[in-house]
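*Asks:* For reference, the chains in residue letters:
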Amino acid sequence: MACFDTISFLTDYGTTDEFVGVVHSVIRQVAPDVRVIDISHHVPAHDVRAGGLTLARSAQYLAPGVVLAVVDPGVATSRRAVAIEVGDGASVLVGPDNGLLAPAVSMVGGATRAVELTNLDYQLPAPGPTFAGRDIFGPAAAHLCNGVDLLELGAEVDVNGLMPGMIPITRVEDGAVVAEVLWTDGFGNLQLNVDPVEIEDFGPRVELRFDGKVRTGVRHTTYADVPTGEIGLVVDSYGLVSIAANRTSAADELRIGTGDEVVLAAIGDEPARAGTITPVTLQEKP
Amino acid sequence: MACFDTISFLTDYGTTDEFVGVVHSVIRQVAPDVRVIDISHHVPAHDVRAGGLTLARSAQYLAPGVVLAVVDPGVATSRRAVAIEVGDGASVLVGPDNGLLAPAVSMVGGATRAVELTNLDYQLPAPGPTFAGRDIFGPAAAHLCNGVDLLELGAEVDVNGLMPGMIPITRVEDGAVVAEVLWTDGFGNLQLNVDPVEIEDFGPRVELRFDGKVRTGVRHTTYADVPTGEIGLVVDSYGLVSIAANRTSAADELRIGTGDEVVLAAIGDEPARAGTITPVTLQEKP
Amino acid sequence: MACFDTISFLTDYGTTDEFVGVVHSVIRQVAPDVRVIDISHHVPAHDVRAGGLTLARSAQYLAPGVVLAVVDPGVATSRRAVAIEVGDGASVLVGPDNGLLAPAVSMVGGATRAVELTNLDYQLPAPGPTFAGRDIFGPAAAHLCNGVDLLELGAEVDVNGLMPGMIPITRVEDGAVVAEVLWTDGFGNLQLNVDPVEIEDFGPRVELRFDGKVRTGVRHTTYADVPTGEIGLVVDSYGLVSIAANRTSAADELRIGTGDEVVLAAIGDEPARAGTITPVTLQEKP
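Protein chains in written order, with my numbering: chain G, 176 to 461; chain W, 176 to 461; chain C, 176 to 461.
Bear in mind the hints are in silico, worked out from the structure with no lab data behind them.
C-beta: ideal position from N, C-alpha, C; glycine also.
Be aware that a few hints might be false.
Claimed, not checked - Just so you have them, the derived chain C footprint on chain W, three or more residues with Cβ under 8 angstroms:
# : stretch
1 : 181 to 194
2 : 230 to 238
3 : 305 to 318
4 : 345 to 354
Said to hold, decoys possible - One-sided and incomplete, this derived list gives chain G residues near chain C with beta-carbon spacing under 8 angstroms:
#  : residue
5  : Asp208
6  : Ile212
7  : Tyr236
8  : Leu237
9  : Ala238
10 : Thr293
11 : Asp296
12 : Tyr297
13 : His395
14 : Thr397
15 : Tyr398
16 : Ala399
17 : Pro402
18 : Ile406
19 : Val409
Start from the sequences, fold in the hints, and give me the full structure.
*Replies:* Quick look at the structure:
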């Protein structure tokens, strides 16, 4: 019988409404001694990919136990509510089966078992069908902490049938790395889906192409090393390449954000541009 | 001697300033083992009605114990600071006597006893008169958890003399239900003060009149069932009728919000409009 | 061997990203029984002074234990990571040595010992150099709670060599008090660096000069006592003079904010203006 003492909790509920507090209250009554740690409740509304990436970034640092994650634009439709066991029971992730949990599940080694949350004995009766965090997911997380067996919560489902996550991967074109902004953090740093080894051959200065513009990114070890006015490339605290400016927002500076494409290339390495004689004019958006 | 182990905490303090953390710290020192669950601290500043409705929506889900609520535009004036017992001691609500607590008190069966928080032995000495959450309400909540008797906190007051809450009720005019938006949630759904039975006779398509416009709302079971571009009427997770759009904000779409009037009627049921021959032109705001 | 059971936690991380939750998770795994109380995570990005003032306002109300504070524009540069003991071990403040901790340290009597956090045994291995809260400061706070000796965390440093904080003090010019807005709270009240005794001689009505304008501030005991349309001067809950408007934002009303200068003087006391015959015209910004 597994017993967990921590629930890590992520949603797109925001904290203006009472949703988060109500789920905490429901958990408190089912499993009084469990600690609930809020990871974030400010995932952009309905943004399953952003929520999945946030969980994946957090995954290796979370306390073993239950991960309760709800970003659920299809609430109360045919999308399944699931609990996914990882590490042969080391932790369980609870949430909608819409790809939200998939990146984190991958990060920690993949699913070992999963169930659909169909057993009404472990749910709250709902006055309406739309608050699954309160009525289905929260209670499931709390009951798991109390030692209720995973298979008690509902019918087992094939882990290979779970909705996969969609994490963009880079591709190489003409020697350049075509990347994407995975995440714009609160400081305006732009995390790319780029491992430092992918740009090792480009040297300390890297050409950045985005939104019709070309800029030079300079590799630095820390954000504070980036001189004012320069665009830095820093390996961030997750081990990925990020675009950064010193004490200001690179996102505001470059006017790009999550989901935008960025091409990284060796300086002067682009055949087409090598033959031109006019200098590149940076077209700033109005 | 009642002992409580949970304080449910709601304010309009926001979380940018240290107010919420300081109240948590004060409680921690008076009653170290109590769990404090934050319901919301983003009630609009001084909006007693919004705070009261948030508490009322939460009430039935809160852990038994103390509810600490502070939305208090009249802080340090003649408005009383009170503790209101409900359920013959099952829980106690602590806050200003300005109507904030009243809807939640009603939801759980009404007040059984109440005191004004006048006993300085259970308050912090204040360098200024304006932070009642830290100096008066927070300590009162914590001492109640420690088993201090309600009547120790101050003089008993008549529960019938407590400030009532003001929850708008619908009225019927010419067969139409004149309603009001009680709450715009973070997803832009518009909760009305309308029980589903009130619009049962209108059928699946209901005329909505607001702000000089007329739209058709279509009843659906879930938010995700609402087709793109359509205005849905969904019974929300609190059992009330709400206006919703699929994966977008109905509030932004219709340009209405909390406190605005919405009239619900049977389609084609309005006598005045039946005689007109020109179609209704929707006047969009610029 | 000191053992602490509470960590008071302040950052400029915001709560949109997972940073705060990840630090909570790291602490949970090192010191499972410690309570972490969030003071604020919405200090303006990189604003060391604002963070330091927030801590100083909170200091006397915090539970004894560890204060974990991270506002750290120079992360991973030569600025030191430190732990500062106060009250001969009553509490320890952990964070960057950039002046952030200094005002709070002063408030509680000054530092008794300090170390630089150099011992890697009490840090997490980092995939990148930039998340010191997760990898250095959070673990240090948790290990201190577990009873690890301060001197185990790194080399002792001279407490007189710690970076001082910069709190502006008032000056008197021609009998007027030249002050500064220390803090604009979420309600729009403007806290000045002015002790009530400094303006005692000015009487109940005080001339306020700021941004080329002159207004009269009227002293009141509570915010709610300020009549609509009037500018009030209220001793706030920290014992400092603040500019306030009743149920509205004084900051919006006067169009000033944190860091702006405000001169307080006796009405009609300014020599230059005494000789003029034209009335002061208030120039409103467009």
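*Asks:* Look at each hint and say if it fits the structure.
*Replies:* Hints, one by one, checked against the model:
no.: 1; hint: 181 to 194; verdict: holds (count 7)
no.: 2; hint: 230 to 238; verdict: violated (count 0)
no.: 3; hint: 305 to 318; verdict: holds (count 4)
no.: 4; hint: 345 to 354; verdict: violated (count 0)
no.: 5; hint: Asp208; verdict: violated, 11 angstroms
no.: 6; hint: Ile212; verdict: holds, 5 angstroms
no.: 7; hint: Tyr236; verdict: holds, 5 angstroms
no.: 8; hint: Leu237; verdict: holds, 5 angstroms
no.: 9; hint: Ala238; verdict: holds, 5 angstroms
no.: 10; hint: Thr293; verdict: violated, 30 angstroms
no.: 11; hint: Asp296; verdict: violated, 30 angstroms
no.: 12; hint: Tyr297; verdict: violated, 25 angstroms
no.: 13; hint: His395; verdict: violated, 10 angstroms
no.: 14; hint: Thr397; verdict: holds, 4 angstroms
no.: 15; hint: Tyr398; verdict: holds, 6 angstroms
no.: 16; hint: Ala399; verdict: holds, 4 angstroms
no.: 17; hint: Pro402; verdict: violated, 13 angstroms
no.: 18; hint: Ile406; verdict: violated, 16 angstroms
no.: 19; hint: Val409; verdict: holds, 7 angstroms
Hint check: violations occur at hints 2, 4, 5, 10, 11, 12, 13, 17 and 18; the rest are consistent with the structure.
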